[in-house]
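Visitor: Listed here are the chains, written in short residue letters.
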Amino acid sequence: MSGLDSLYQQLILEHSKTRSGGDLANLPAAATGAPGTGQSYTGQSHQLNPICGDEITLRLSLGTDGDGQAVTEIHWDGDGCAISMASASILSEMAPGMSPMSLRHTIDHFRELMRSRGKLEADEELLQDAAALAGVAKYPARVKCAMLAWVAAEDALRQAEASQGVPQAL
Amino acid sequence: MTMVSTPAWGDAQVSALDDDEVRRIRNDFPVLEQEINGKPLVYLDSGATSQNPRSVLEAEQEFYEQRNSAVHRGAHHLAVEATDAFEDARATVARFVGVQDDELIWTANATAGLNLLAYSFSNASVDRAAGGAERFALKPGDEVLVTEMEHHANLIPWQELCRRTGASLKYIPLDDAGALRLEEAARLLTPRTRILAFTHTSNVLGNINPVDVLVRMAREVGALVVLDACQSAPHLPLDFKAMDVDFAVFSGHKMLGPTGIGAVYGRSELLNAMPPFLTGGSMITTVTMEEARYLPAPQRFEAGTQPISQAVALAAAANYLSETGMHRIALREAELGQRLVMGLSAIDGVRVLGPGPGEERTGLAAFDVSGVHAHDVGQYLDNLGIAVRVGHHCAQPLHRRLGLSASTRASTYLYTTSEEVDLLVEAVAQIRPYFGVTASGVAS
Numbered sequence: 058m059s060g061l062d063s064l065y066q067q068l069i070l071e072h073s074k075t076r077s078g079g080d081l082a083n084l085p086a087a088a089t090g091a092p093g094t095g096q097s098y099t100g101q102s103h104q105l106n107p108i109c110g111d112e113i114t115l116r117l118s119l120g121t122d123g124d125g126q127a128v129t130e131i132h133w134d135g136d137g138c139a140i141s142m143a144s145a146s147i148l149s150e151m152a153p154g155m156s157p158m159s160l161r162h163t164i165d166h167f168r169e170l171m172r173s174r175g176k177l178e179a180d181e182e183l184l185q186d187a188a189a190l191a192g193v194a195k196y197p198a199r200v201k202c203a204m205l206a207w208v209a210a211e212d213a214l215r216q217a218e219a220s221q222g223v224p225q226a227l
Numbered sequence: 002m003t004m005v006s007t008p009a010w011g012d013a014q015v016s017a018l019d020d021d022e023v024r025r026i027r028n029d030f031p032v033l034e035q036e037i038n039g040k041p042l043v044y045l046d047s048g049a050t051s052q053n054p055r056s057v058l059e060a061e062q063e064f065y066e067q068r069n070s071a072v073h074r075g076a077h078h079l080a081v082e083a084t085d086a087f088e089d090a091r092a093t094v095a096r097f098v099g100v101q102d103d104e105l106i107w108t109a110n111a112t113a114g115l116n117l118l119a120y121s122f123s124n125a126s127v128d129r130a131a132g133g134a135e136r137f138a139l140k141p142g143d144e145v146l147v148t149e150m151e152h153h154a155n156l157i158p159w160q161e162l163c164r165r166t167g168a169s170l171k172y173i174p175l176d177d178a179g180a181l182r183l184e185e186a187a188r189l190l191t192p193r194t195r196i197l198a199f200t201h202t203s204n205v206l207g208n209i210n211p212v213d214v215l216v217r218m219a220r221e222v223g224a225l226v227v228l229d230a231c232q233s234a235p236h237l238p239l240d241f242k243a244m245d246v247d248f249a250v251f252s253g254h255k256m257l258g259p260t261g262i263g264a265v266y267g268r269s270e271l272l273n274a275m276p277p278f279l280t281g282g283s284m285i286t287t288v289t290m291e292e293a294r295y296l297p298a299p300q301r302f303e304a305g306t307q308p309i310s311q312a313v314a315l316a317a318a319a320n321y322l323s324e325t326g327m328h329r330i331a332l333r334e335a336e337l338g339q340r341l342v343m344g345l346s347a348i349d350g351v352r353v354l355g356p357g358p359g360e361e362r363t364g365l366a367a368f369d370v371s372g373v374h375a376h377d378v379g380q381y382l383d384n385l386g387i388a389v390r391v392g393h394h395c396a397q398p399l400h401r402r403l404g405l406s407a408s409t410r411a412s413t414y415l416y417t418t419s420e421e422v423d424l425l426v427e428a429v430a431q432i433r434p435y436f437g438v439t440a441s442g443v444a445s
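Chains A and B, in that order, give the protein sequences.
Residues 58 to 227 in the numbering used here are what the first sequence spells out, letter by letter.
Residues 2 to 445 in the numbering used here are what the second sequence spells out, letter by letter.
This is chain A alone, in the form it adopts within the complex (with noise of 0.2 angstroms):
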């Protein structure tokens, strides 16, 4: 594959034009959850890369999932590379079902990934499709672009976490 192809993995290109999750425009504005009532509670974050405009609104929620919480939904709405918007779109579709502490254990191993430059395997079962990004840690210029979602959701995870009224992990 050469250097191009693998940075634009078909499943990239694929993900850039699907978007999942990126219908937060048409999406009503968030109920949040008044704390102690065990409703779902949701943080929003905008993150814009200064560098090249990318810009993205992310919308987390979290609720209930047995003894514990889980993401229940990402939605987001952006502008930005195909880099950005496929990251964005992956991990709309992985983060569901997670734990606030798995996913950011998932995020850290993908900001490690990405600032690696080329130099960490990617950890496939952990990352699934955010492994085809692995790519992109040989592009010092584009790691923002693929970050940005995540540094999105990470914030949003923090402020659905703040309205809850749950001490927040470091």
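To be clear, the hints were calculated from the coordinates, so they are not data collected in a lab.
Heads up, the beta-carbon is just placed ideally off N, CA and C, and yes, glycines get one too.
Mixed in with the good hints, there may be bad ones.
Chain A regions said to be covered by chain B (calculated; three or more residues, Cβ under 8 angstroms) [unchecked claim]:
#, stretch
1, 128–139
2, 195–203
Heads up, incomplete: computed chain B residues facing chain A, CB under 7 angstroms, no partners named [to be verified]:
#, residue
3, 376
4, 377
5, 434
6, 437
7, 439
What follows is a list of derived Cβ distance ranges for each label pair [said to hold, decoys possible]:
#, chain 1, residue 1, chain 2, residue 2, range
8, A, 61, B, 260, 24 to 32 angstroms
9, B, 165, A, 60, 32 to 40 angstroms
10, B, 164, A, 136, 25 to 33 angstroms
11, A, 60, B, 176, 14 to 22 angstroms
12, B, 55, A, 83, 55 to 63 angstroms
13, B, 128, A, 173, 25 to 33 angstroms
14, A, 59, B, 21, 33 to 41 angstroms
15, A, 85, B, 192, 47 to 55 angstroms
With the hints as your guide, set chain B onto chain A.
Guide: Quick look at chain B alone, frame taken from chain A:
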């Protein structure tokens, strides 16, 4: 390729640089000899920063090896040599843009130059007592007029100046093709307009604004005219005196010079009435513990140790351009600009911003590839060794006006070959198929 319209700066006596001359010129630029991703570098980002010929690199090295010293102080031999080199450089660059030596102030770049002007006017606004500086003072009710196509460097300093002084910022809007709406300019220029600041040629559109028309309108209402010549000084023969602007700025690194040097031109009587911006060493006559008196321009605006070797190298760049011939360079780039706009706009789904084929344009073209983000366009081209600029090019309001958040820009210079332009056009034609975008712009 025939020139469709004769530009204002056209001169029937000279011809455009031809391909053979350009190939010889390329031998003077070491950086162009390299390969990127196994392909010869095709450098089409001179609008962001230009490359340096050997004579410029050698001038800087020669200065450090033979004459390095502080200038305008010290009585020793090297200090005299360095001062002479520094002031000779000023004279060379002043001549290059048609102004007197004492009307050219060194700055770090065009951005620093525009900030120098804005902060000097700001200082005049808070200290009206300064002799003769009242004419630069702004107050509520006054207006600063810019255009919707400005680079952020010729917008934000004026936003901030207005915020500090209570003056209002207005702008000349663009039509759908990106041209200035001159009828709006006529309406917006009123006796309240104190400053008209506009770019000579847009770094995105590649158009050339009608300086003469705008200067005439500004004169009628007594507004000061600030010209952003950052994109024109490297590419068009300029004579700021003949253009009758009050101030102009440009950057060295866009005209074959090093980074860290640029200049402000100001009419002598204005510069000497303006309060200084940066203060400190080298710009004073008498200093007491209570106050200081300032030297006339240009030293008045050159506090602290200046970019001396950079000035010397910039003069070498100006000499290189003059010896090649600015008219010939401008004609050559106009041809390349036409080659770009014709080639790119013939590609399905590609929209070139600014003047269309056959209309006056400099040697650059920014374009949108429908269905493919500029960042991805730039990545595809980089893979082929083609260097272009992607993003908003420091002109967010302009992109917003054109309904875009980003574009891809190819910009040429005197060392760009016709083949390089053709390589770009051929590569751009492959981009939508590569990303799986169909003719209608909808993903397949």
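Visitor: Does the structure break any of the earlier hints, and which numbers would those be?
Guide: 5, 7, 9, 11 and 13
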